[in-house]
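Let the sequences and hints guide you as you build the complete structure.
There are 2 protein chains.
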Amino acid sequence: MTTQAFTGILSPVLTPFDNDLRPNGRKLAAFCKSLLAEGCTALAPFGTNSEANSMSVEERMDLLEQVIGAGVDAKKLMPGTGACALSDAVRATKHAVAKGCGGVLVLPPFYYKGMSDDGFYRFFSETIQRVGDARLKMYLYHIPPQTVQGISHDLIERLIKAYPTTVVGIKDSSGDWKNTEAMLKRFPGFGIFAGSEDFLLANMRAGGVGCITATGNVNAGMIRQLFEGWQKPDADQKQAHISTVRKTIQRHPMIPSMKSLRAAWSGDTAWLNVLPPFLPLTMEQGKALAADVAKLGCKGPEMVPAE
Amino acid sequence: MTTQAFTGILSPVLTPFDNDLRPNGRKLAAFCKSLLAEGCTALAPFGTNSEANSMSVEERMDLLEQVIGAGVDAKKLMPGTGACALSDAVRATKHAVAKGCGGVLVLPPFYYKGMSDDGFYRFFSETIQRVGDARLKMYLYHIPPQTVQGISHDLIERLIKAYPTTVVGIKDSSGDWKNTEAMLKRFPGFGIFAGSEDFLLANMRAGGVGCITATGNVNAGMIRQLFEGWQKPDADQKQAHISTVRKTIQRHPMIPSMKSLRAAWSGDTAWLNVLPPFLPLTMEQGKALAADVAKLGCKGPEMVPAE
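Protein chains in written order, with the working numbering: chain A, 813 to 1119; chain B, 813 to 1119.
These are calculated hints, taken from the structure and not from any lab test. Using N, Cα and C, we set each Cβ at its ideal position, and we do this for glycine too. Check the hints yourself; a few may be wrong.
To be verified - Coverage of chain B stretches by chain A, computed from C-beta distances (three or more under 8 Å per stretch; other residues unrestricted):
#, segment
1, 856-867
2, 917-927
Stated by the list, open to error - To be clear about the criterion: a stretch of chain B counts as covered by chain A if any three or more of its residues have a C-beta under 8 Å from a C-beta of chain A, and this derived list gives those stretches:
#, segment
3, 897-906
4, 934-942
5, 997-1011
Laid out in structure tokens, this is it:
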């Protein structure tokens, strides 16, 4: 097990699209910088909430180059490079490593259902072998709500044993704390991120390294404060509060909801754009949501407040 | 509703991979010709059983060009061009139309779960609009066992109304005959394919146009005979027999199983290659399976027997 490449609060960065639904790399780069200023310790672009799988691999690689080209530190990036196709996963992962990314977050192939652990092992192992680069730091992405099949603990153990300096962590988006807890016990030193800030405090108390959470896109400051102060007496209170903010944002489907907030805060209606199969919200819905989260102290782009 | 572009027995063509897991276009083209000789009326390359989603869009487009370049009639091809990414689906569909394919088979985007009919409509509609070609003949691909979310009847109705000369049919791989039956009643004239030969006779009797079936890769002759003779007195007997052959093949997971048969019949061990997350069978398993299906009259590449 190596030292943690990533800890803290990572956001699966929302992807800004123009009105013709093309991703806008210039805006994405600016947004990445903003999120790091707002409180994210690092960024996980091309995650579920980035609509990554709704973009082609070429679009994702082009965006990554624009973000790094604009001056975002590649070491602070853990782009999603998983794909159903081995050749796509290899290409995207190789590219991220070559660009100096601190790590990558890799989904299991998610089209076929009922696959075996052996089959998933073969996918991850072939990807690692074909990338063939000691700099590769791979985080597994366990998200059964979308992929249906997740990553079993036996599979994790096998991957860690075969690739101890490459397979260094996991994002647990199962929404099942018992799963995270069991991994924390079985794999000490493995970089385990909760997939939502709802489990941030529990994860830190049990030896986890932070959370990679959708709402890092809109509430990074408050979540970062809990991360920094998880051993303080008011931690439970803070945990309850950020979970209330999250619930408020989840009034609408998460991606359009967060985009409507960024639209309301920036006045840029293009922030409302989402790729199908999602549907956009309106600026009015964004403004109403902004008013409601403001009451909870979540007021848009601000530097992370001093403790 | 337009005249049927496709009827009969279509096979989602198995993709031959070399030992380095690269798709082999020369072998695929030869195999397409063989399947048409064995009894397929047309072909659906890049379907579920082609491991299409385990290949990149570029690999699929390159293979299509090689198949057509080798002399396979593009009008007899209904390639799968669906993808999670709108840009990928548009690119692959445009390419297939430009190459003269008789139709395309399109999956709904399958990463996100819990999407609305409106969201799926937006995906298909945007794809059609962006392809923007009157030659496009789109078949919807309903396969909830893999995509989890399928294509609802209300969505089909809406797409037919909006694009009556473009959205011309569907492959129903739900495995639920009641779903096929309900579509046949609600959408007369729509090109409805059963997703398995198990429902071929029922589908023909109720007004369907045939089946697009995995086992077209290994048992096209027998299935074609039932299609040609579905009104004959021995049709039920034939249906029962081809279903028995199917069950025998399903002893192993379908894709490796059929590939092991083609390996046994051809002596070409490269036919055993499958992409992860699948695992290959051995030549011995293929030979044992070949012996068992031979007892049922399924003996490998032969011309479709005369009635």
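A quick look at each hint next to the structure:
no. : hint     : in the structure
1   : 856-867  : holds (count 4)
2   : 917-927  : holds (count 7)
3   : 897-906  : holds (count 5)
4   : 934-942  : holds (count 3)
5   : 997-1011 : violated (count 0)
Of the numbered hints listed earlier, the single one contradicted by the structure is hint 5.
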